[in-house]
Amino acid sequence: MDTVIADGLRKNYNNFTALDCVSFSIKRGEVFGLLGPNGAGKTTTIRILSGLLKPTSGNALIMGNDVVKKPVEVKKSIGVVPETSNLYPELTCFDNLVFAGRLYGMRSEKVKTKADELLELFGLKEKRNVLFSKLSSGMKRRLSMAASLIHDPPVLFLDEPTTGLDVMSARALREIIHSLKRRGITILLTTHDIEEADRLCDRIAIIVKGRITVIDTPEALKKSVSAVNPSLEDAFVEITGLKSELMFQEKEGGR
Amino acid sequence: MKDALRAAFFIALKDMKTYYFKPPNISWGILFPFVFVLAFYLRNPVDFSPLIPGLVALSLLFGTTSMEAIVITFERMTGAMERLMLYPVSTLTILAGKIAGGALFGITVTAVLLSGLFFIFPFYIVNPLLFLASAAISALAFSALGAFVSVAVKQVFEAQTLANLFRFPMIFLSGVFIPVSALPPALRPVAYAMPLTYSVDILKVSFGYTAEILPPVASLAVLLVFTIAFLGLSVKIMKNRVS
Chain A
26 MDTVIADGLR
36 KNYNNFTALD
46 CVSFSIKRGE
56 VFGLLGPNGA
66 GKTTTIRILS
76 GLLKPTSGNA
86 LIMGNDVVKK
96 PVEVKKSIGV
106 VPETSNLYPE
116 LTCFDNLVFA
126 GRLYGMRSEK
136 VKTKADELLE
146 LFGLKEKRNV
156 LFSKLSSGMK
166 RRLSMAASLI
176 HDPPVLFLDE
186 PTTGLDVMSA
196 RALREIIHSL
206 KRRGITILLT
216 THDIEEADRL
226 CDRIAIIVKG
236 RITVIDTPEA
246 LKKSVSAVNP
256 SLEDAFVEIT
266 GLKSELMFQE
276 KEGGR
Chain B
112 MKDALRAAFF
122 IALKDMKTYY
132 FKPPNISWGI
142 LFPFVFVLAF
152 YLRNPVDFSP
162 LIPGLVALSL
172 LFGTTSMEAI
182 VITFERMTGA
192 MERLMLYPVS
202 TLTILAGKIA
212 GGALFGITVT
222 AVLLSGLFFI
232 FPFYIVNPLL
242 FLASAAISAL
252 AFSALGAFVS
262 VAVKQVFEAQ
272 TLANLFRFPM
282 IFLSGVFIPV
292 SALPPALRPV
302 AYAMPLTYSV
312 DILKVSFGYT
322 AEILPPVASL
332 AVLLVFTIAF
342 LGLSVKIMKN
352 RVS
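Here the protein sequences line up with chains A and B, keeping their order.
Quick note: the first sequence uses my numbering, first residue 26, plus one each step.
Quick note: the second sequence uses my numbering, first residue 112, plus one each step.
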């Protein structure tokens with residue numbers, strides 16, 4: 026069964042087209058990557074799927090619910106980890122999780138138990154009563170992910186999950202993503218890091234300038250190019266036709 | 112409805128824990144009303160009594176609007192507002208929670224101010240029930256005004272400046288120091304368009320003075336209309352801003 030379906034999503038801002046007929050579907054328990062340079066439309070796609078933005082045209086369904094017509098149902102079934110860790114600096118790790126759970130309608134005892142479980146799972150048990158503002162970037166990202174899982178959502182959106190993290194923090198986060206996949210959670214992640222997409226994703230959609238150019242498994246994408254022992258980066262460059270200078274410009278000119 | 116009220120309660124509670132002692136709130140929401148009251152008391156301690164209802168209303172106005180200016184603009188700056196919008200709650204619920212938190216802050220500051228004032232200048236509230244009702248509904252109306260001003264801007268200083276554009280004319284035109292009937296006729300319609308006018312009018316009645324503008328129940332209804340109108344406009348602006 027497909028848990029996430031995007032069908033012909035288009036988003037225009039005046040004369041600028043941020044998304045142009047984006048379509049894909051994600052199966053239950055799959056890790057699906059949106060790979061593209063900055064400004065390609067990855068975050069816009071996540072914002073539409075999570076009900077923050079209305080598409081100019083097209084439809085999207087999460088667990089069978091239309092994101093425009095049934096936003097509350099959709100929000101109950103997703104967890105979203107934005108690129109910037111935006112929990113409350115003045116609250117402790119535990120209080121941040123409890124607040125999140127309360128807004129999902131969880132009862133006091135249940136939310137406290139779940140918060141402690143998540144702090145343990147994400148290696149933050151010792152930071153339970155530490156203010157969010159006092160955590161390192163990697164810990165902040167982990168707590169943001171924990172907050173997005175407080176209500177046990179079947180679908181998780183991760184926007185550039187390892188951007189700005191040091192090597193070890195990024196590695197720890199990737200291990201957590203693998204463990205979430207093993208628990209059957211459907212994951213949509215955006216990244217401009219080709220190596221990360223290769224390591225984490227079952228399937229990858231390459232998106233450039235608001236359009237998806239190809240969707241396939243990392244292995245199939247590598248096989249589709251003419252280079253000897255091709256990497257996913259070779260496939261990305263050949264498929265998108267982007268030259269390295271242009272990719273650099275895309276990154277500089279992105280958000 | 113029950114879920115929405117619960118969510119609004121938790122948002123208000125979180126705002127109280129998080130923002131009550133932010134520096135801009137201390138200066139505009141706490142210190143300003145205290146300094147204002149002290150200045151008028153020192154200027155004329157003998158004839159201070161008639162000013163108390165108006166100063167109570169001013170304290171509510173500055174406490175609530177300052178809190179909203181901080182809560183809403185800070186959360187928009189940090190992205191926390193966007194995170195709130197990812198929860199299964201409506202924009203109306205989010206803003207209702209924020210307005211409730213702001214109203215409670217204004218009421219708390221005013222309660223402390225009144226208690227302190229009582230020790231140096233004993234006063235008598237003739238109708239305590241009307242006083243509590245008018246303070247509560249005034250705080251909600253002013254807090255909603257603060258939300259309306261704050262959703263339109265990005266920075267705290269912009270919100271405080273824009274709020275002053277509403278607050279300072281109200282100080283002089285809403286009957287706090289000069290009765291509305293004593294204003295030049297051309298300015299009276301402006302006074303009638305300000306929520307502070309109705310707040311001052313009912314609070315004066317609760318302290319034993321005569322209503323100047325409307326009967327107390329009608330003034331409470333007008334303040335309720337202001338609350339709903341500012342809340343509705345804030346929701347509309349917020350939805351447009353985020354999307």
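Since the hints were derived computationally from the structure, they do not count as laboratory data.
It cannot be assumed that every hint is accurate.
Straight-line C-alpha distance at most 20 Å; calculated SDA-like pairs for lysine to any residue [claimed, not checked]:
1. B:347 / A:93
2. B:128 / A:111
3. B:347 / A:81
For each hint, the structure was consulted:
1. B:347 / A:93: holds, 17 Å
2. B:128 / A:111: Holds. Residue 128 (chain B) to residue 111 (chain A) sits at ~17 Å (cutoff 20 Å).
3. B:347 / A:81: OK: residue 347 (chain B) and residue 81 (chain A) at ~19 Å, within 20 Å.
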